[in-house]
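**Student:** Residue strings, one per chain:
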Amino acid sequence: MIYTENIFVCLAAPLLIAVFLLKGETRRFIGFFLLGMTACILSGYINSFIAIAVTDNGRATLTVAQALVRMTPICEEVMKALPVFFFLAMASPKREDLVAVAFAVGLGFATFESCCYITQYGAEDFFFALIRGFSAGVMHTICAAILGYGLALVYGRGRLVAPVAFALLCASCTFHSIYNLLSAAQGAWRAAGYLLPVITAAAILLWQR
Amino acid sequence: MNTLNAIDWSSYIVEAALAALCAALCFRRAGKRGDDSLFFYLLTGFYACVFMSDAFFLLTWLVEDYPFVFSAGDISWIGGIFFLITAAMSLTDEWTPEQRQAARKYRLPALAAPAVCVAFNIVYICIYPEILVNYLLYAIPTVILSYLALLLYLTARKGGAHAKLQSYHLAVLIWIAVQLFYDLFTTYREYYPFAVGTVVCGWLLTFATAGVYFALRKEAAR
Chain A
-10 MIYTENIFVC LAAPLLIAVF LLKGETRRFI GFFLLGMTAC ILSGYINSFI AIAVTDNGRA
50 TLTVAQALVR MTPICEEVMK ALPVFFFLAM ASPKREDLVA VAFAVGLGFA TFESCCYITQ
110 YGAEDFFFAL IRGFSAGVMH TICAAILGYG LALVYGRGRL VAPVAFALLC ASCTFHSIYN
170 LLSAAQGAWR AAGYLLPVIT AAAILLWQR
Chain B
206 MNTLNAIDWS SYIVEAALAA LCAALCFRRA GKRGDDSLFF YLLTGFYACV FMSDAFFLLT
266 WLVEDYPFVF SAGDISWIGG IFFLITAAMS LTDEWTPEQR QAARKYRLPA LAAPAVCVAF
326 NIVYICIYPE ILVNYLLYAI PTVILSYLAL LLYLTARKGG AHAKLQSYHL AVLIWIAVQL
386 FYDLFTTYRE YYPFAVGTVV CGWLLTFATA GVYFALRKEA AR
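Residue numbers (the working numbering), protein chains in the order written: chain A, -10 to 198; chain B, 206 to 427.
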């Protein structure tokens, strides 16, 4: 067991001070990075509840491992999308701001999750940390990027935004589920799962160029 | 795994491959076009969702051999339907006030498509009332898409807005119809005639999915 709240307070405190001290785009980036971390801790609570609800109620249809593959991505992606939707609804952002905000939320989520993971399983093994950073860390950022780029595409097109936002959320949930499914398997499947986010990131990089 | 299952599963593999190909083609088209690239980006999203849905089902089967319950694969499929809805909405957004006025008279006939979808879904819900939410998640977007597709098809057929996209709207309607029959057959797939129907509809769905892009080829070549 780890005390995620303590880790959160420790990491969030300097960022919170920075939000008040800084201005402009940097403030927004750090603010949404912090919201990404908050989304991570909240989705941790909700995931724990869902895992109990679907596996321990006497008429369980899923094991804990299956629940992790099927339920966790939905909860985590919805929690990550909420700050982006809030920004879209409350501000009048430019397209590139929308992408930057989605990235900030994804990075915050990935950073906090990796911190908790390293605290729980130890940081002695460099290879483990490297794999963790380039797989789950990149995966969370990619899922947020899918949302950011997609929303930027339809931004300003009125009634098209809501259905596209939902469709993008579905797409990112599935991408996350595929990663979870592969990384929970053994052998070559696990290796494929670890490589999936990096390959997708490389494809996005190529597209941008 | 029996032979029938192997044929059924091979349709998933072909569908995933065709969806990946169509996603790449749509993405390429979108990159080449100027102001109307959004439609092709939305179709890219549709095919990406279909690809991920099939990939998830296949990987679930290969890696873990799970029983089929509502999962991320279904969510991705629903996401794909939403991309098609948005693509249809993006077309109606481009209508001029005159075209909008002309399309009004097709609103009532276009309700025939959702009526058929609702009838099919009532049958599913009567058979499996315990998975009502799953069917509603599938049915509601399908009903909306069927209405928009038929409205756009009727408008295009009578020489109204987007007349060149007539075959595309027809392909979307065929895709919806095949999907409805596929769902109906899978409900009783334990029984021989329905099992064959499932396989046939599975393959038809595979080609109907790719057909949505290939029905656009004249418009895409523009």
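Please note: incorrect hints may appear among the correct ones.
Coverage of chain B stretches by chain A, computed from C-beta distances (three or more under 8 Å per stretch; other residues unrestricted) [to be verified]: (1) 244 to 258; (2) 277 to 289; (3) 294 to 304.
Hints in this document: simulated from the structure, not taken from any laboratory. Since the model is a prediction, treat every value here as computed from it, not as a measurement. Note that the Cβ used here is the ideal one computed from N, Cα and C, for glycine as well.
**Student:** Confirm or reject each hint.
**Tutor:** Tested hints:
1. Counting residues of the region 244 to 258 of chain B whose C-beta sits closer than 8 Å to any C-beta of chain A gives 7, which meets the bar of three, so the coverage hint holds.
2. Given as covered by chain A, the region 277 to 289 of chain B passes the check, having 9 residues with a CB less than 8 Å from a CB of that chain where 3 are the minimum.
3. Here the region 294 to 304 of chain B counts 3 residues with a CB under 8 Å from a CB of chain A, which clears the bar of 3, and the coverage holds.
Consistency with the previously given hints is maintained throughout, with no hint failing.
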